[in-house]
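S.K.: For this one, chain A is given, so just place chains W and R with the ligands on it according to the hints.
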Amino acid sequence: MTPLLDVRGVTKRFRGLTAVDTVSLTVTEGEIFAVIGPNGAGKTTLFNMIAGAMTPDAGTVTFAGTRADGLPPHELCRRGLARTFQIVRPFPELTVLENATIGAMMRAPDMEAARTKAGEVLRQLDLWDRREAKAKSLTLPDRKRLECARALATGPRLLLLDEVMAGLRPTEVDRIVAILREINRSGVTILLIEHVMRATMALAGRIHVLHHGATIAEGTPEEVTRHPKVLESYLGAEAL
Amino acid sequence: MLWSLYANVLVQGVLTGLVYGLMALGLSVIFGVVRVVNFAHGEFAVVGMYAAFVLFRSFGIDPFLSMLPIAAAFFVIGYGLQRTLINPFVSRPEHEQFILLVGLAIIMVNGTLMIFGPDARSANLPYSFDSWEIGAIIVDKVRVYAAIAALAVAALLFAFFRFTATGVAIRACADNLVGAAVVGLDVKKLYALTFGLGLACVGAAGALMVTLTDATPMIAPAFTLLAFTIVIIGGMGSMTGAIVGGLLIGIAEALASVLIAPSMKTMASFGLLVLVLALRPQGLLGRRA
Amino acid sequence: MNPFATLARLVDEAPRRALLLLAAFLAVLLVAPVVLDRYLLSVFFLIFWFATVGQAWNIMMGFCGQLSLGHALYVGLGGYIGALLWVKFGISPAIAIVPAILVAMAFGAVIGWLGFRFGIEGVYFALLTIAFAEVARIGFDNWSFVGGAAGFFIPVSAAASPVNLRGGPMLFYYVALAMMIIAFILCAALRRSRLGHAWLAVREDAEAARALGIDVFRAKMAAVVISAAMTAVAGVVYAFYQNNLFPSQTFDIARSIEMILAPIIGGLGTLFGPILGAFILTPLGQTLIALVEKIAGRAIPGVNLVFYGAALMVIIWFTPNGVWPWLKKKLGIPEGRE
Ligand SMILES: Nc1ncnc2c1ncn2[C@@H]1O[C@H](COP(=O)(O)OP(=O)(O)OP(=O)(O)O)[C@@H](O)[C@H]1O
Ligand SMILES: [Mg+2]
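Residue numbers (this note's numbering), protein chains in the order written: chain A, 1 to 240; chain W, 1 to 289; chain R, 1 to 338.
Check the hints yourself; a few may be wrong.
Only some residues are given here: those of chain R computed to face chain W with a beta carbon under 10 angstroms [to be verified]:
no., residue
1, Ala-23
2, Ala-24
3, Val-123
4, Tyr-308
Here are the computed lysine to aspartate or glutamate pairs in the DMTMM-like style, where the Cα-Cα straight-line distance is at most 20 angstroms [stated by the list, open to error]:
no., chain 1, residue 1, chain 2, residue 2
5, A, Lys-134, R, Asp-205
6, W, Lys-265, R, Asp-252
7, R, Lys-329, A, Asp-110
8, A, Lys-136, R, Glu-207
9, R, Lys-328, A, Glu-132
10, R, Lys-328, A, Glu-93
11, W, Lys-265, R, Asp-141
12, A, Lys-136, R, Asp-205
Keep in mind the hints are simulated off the structure, nothing from the lab. No residue lacks a Cβ here, since even glycine has one placed at the ideal position from N, Cα and C.
Bound-form chain A, shown alone:
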């Protein structure tokens, strides 16, 4: 299997603070890969560097065989990398359908096709009934799903999901897990950040653990949960 995303020793500093410290990871085509870590571990910052929203101070990002760090986000999206935002950013005054259509239009030959594609994605994420509603009127779970729908509509090879399950109720989490599995089965590689451990364990083939910006472990869910450093610094308090 070929690596779709290869992150080599990336580092990001904010004034004195090293938010991400020489992190390396490789995501293979077709897998579901998770990045976990306590609050402030540097997960979102790592995402931002992969998605082009920030440039790393050191290290490289390679996506689908070409250097990706330093490229603007829209260029990366064109190459097949889509991301969601931890703090959701829907287009508030536009309808749900318009939101998704804007995502879909990048790869669609015309706007009619974009709307069709948007419709498919909205159905997949249980948002079809809300398509005429303005995005600002949605509830938080709906917004989170819209965030996914929009990213998915761009037809990505790699989907970066930043805590799309945070704040959802268990039944809603189960639903999202099922949806993500389905998306993954259709050929989309997924890189996700999660706090909801149960979901992460159920979904991810491999897990990468960050703490204070640095890697402390990587492996299958079983390996990671047994890792002493992980137990000590992160999972210790949580009942598993």
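M.R.: This is chains W and R with the ligands only, laid out in the frame that chain A set:
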């Protein structure tokens, strides 16, 4: 001697620039705290000019004296305006604030037009043409007085923000609104105070301006633009920036009008503006957003 | 993006009642000149004209979220180019709109590049646009070839010649009406196009737009350039309507502000807003002038504008989103529709 020409121009530019700076300071303080661009700023300056003009012509009160009651009156007006008209718009989008203030500006400029007519009015102070000669440099007395007065008012404002509890509270509001509200500051009142102070600055600047140039209603938009340009050059919300920006614009205008043509004054300040926007969009002394 | 296909689709999708209303409205406008006198024709000319430039400005602010306060620049550039080519070289304004459009686009591109490249936004960008209009004003003031501050005049010729925009108020009535309709259709087409959606995305959240593959810089540039081009065309027509150009009026910031009131009052980012706004504001302004004359027995400069300013404040106070969204609700048109 060429250098004496430059020196003269430079001195004049600095002196005028300080008055500009005071005017811009009002805009900057309001923007820095209330986050509203006072698009009627130049109109307030013009009303200040006419107020000083009337007080001088009818009661013989020197503008350097009348600037105090004018500033006080403007403070009250500003406080009231913020409390009634502006406050509901503080959290509304920029373009809505803009329309509100443009409406106000149109009323003000045309109100002055109705009362005073379109002709330029000059205060004609008895010492308007007195000057000092220092070597080859000739400086107008009024310009020096105006600059000193402007500096004094600005210094007072700086001191207020630095040393009084209310001033510090207002700065806290500007830095962190939520925090300020959490620690129990009366944000609405502080905003109103700030708007009042901003208008007091522009009122005083208007009174000073009448000693330097003629008053006409039509100059108002140009003043708004001038203050706006200065604040952006100096850095939105930076008080020192407003004074520095005023100085720079004063000098640039003076140089351009002597070296190129009087009509090129505005060109020079816009040239400076474009340069600053391209090289340092947050302004010379502004912090990056 | 095909305007005709869009038109067909718009007609298809619109509710019958609204369509009938619109058709009736258009029919009335088409035959109205029969009963309108010169004065009213000129009022309608102004309404159509402000609706057109409002539509153009709305592309930038309403669709793309970029505040321009210097649109008089493009009106002036268009006007001067049209007038110059006609007076000095005998080139018809029908042809002159091409260079007028190109020059306005070039200026728009420079302003856009300066602003957007360096991430200048909101009031900062607005000031940049004002600055350029002011620079143009001073430049034209000092350019003797175009008459400088003393103005530039288009001779009034006896022979009517519609292609050369020579004729009476009736001609200008229809020209401006056509402009307004074309601008509307163009904006409707743009609004539904890929570019239009990109604009909306940028307006709503540039960062999110970028993450969805939208080149924000290019979208913004397209908005300025297209808006400038449309405004320049209106500028050519205005110059020939007025027959004179003075830099101090043409590029005045007051003009720029006047141009943006209709779309804001009517409803920012909507298609009917600029038209509705023009139909409210222009007659309001004219009525105030007439009223003052009637009451005072003479024109008092400024009185009408005082009321105008007050009206602006009242309207923005009570209908912050503009009159059209409010009216739409009253008419029972669903939110997602125009
Ligand atoms: N733009 C920024 N400027 C300064 N510091 C930042 C910035 N973004 C993040 N940080 C800091 O970097 C560290 C890592 O933040 P990051 O958002 O990447 O963490 P995270 O793992 O996503 O946390 P969470 O689980 O809370 O989302 C934090 O200490 C944060 O305060
Ligand atoms: Mg995070």
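S.K.: Taking the hints in turn, state whether each one holds.
M.R.: Verification of the supplied hints:
| no. | hint | verdict |
| --- | --- | --- |
| 1 | Ala-23 | violated (33 angstroms) |
| 2 | Ala-24 | violated (32 angstroms) |
| 3 | Val-123 | holds (5 angstroms) |
| 4 | Tyr-308 | holds (6 angstroms) |
| 5 | Lys-134(A) <-> Asp-205(R) | holds (15 angstroms) |
| 6 | Lys-265(W) <-> Asp-252(R) | holds (17 angstroms) |
| 7 | Lys-329(R) <-> Asp-110(A) | violated (31 angstroms) |
| 8 | Lys-136(A) <-> Glu-207(R) | holds (17 angstroms) |
| 9 | Lys-328(R) <-> Glu-132(A) | holds (16 angstroms) |
| 10 | Lys-328(R) <-> Glu-93(A) | holds (16 angstroms) |
| 11 | Lys-265(W) <-> Asp-141(R) | holds (13 angstroms) |
| 12 | Lys-136(A) <-> Asp-205(R) | holds (13 angstroms) |
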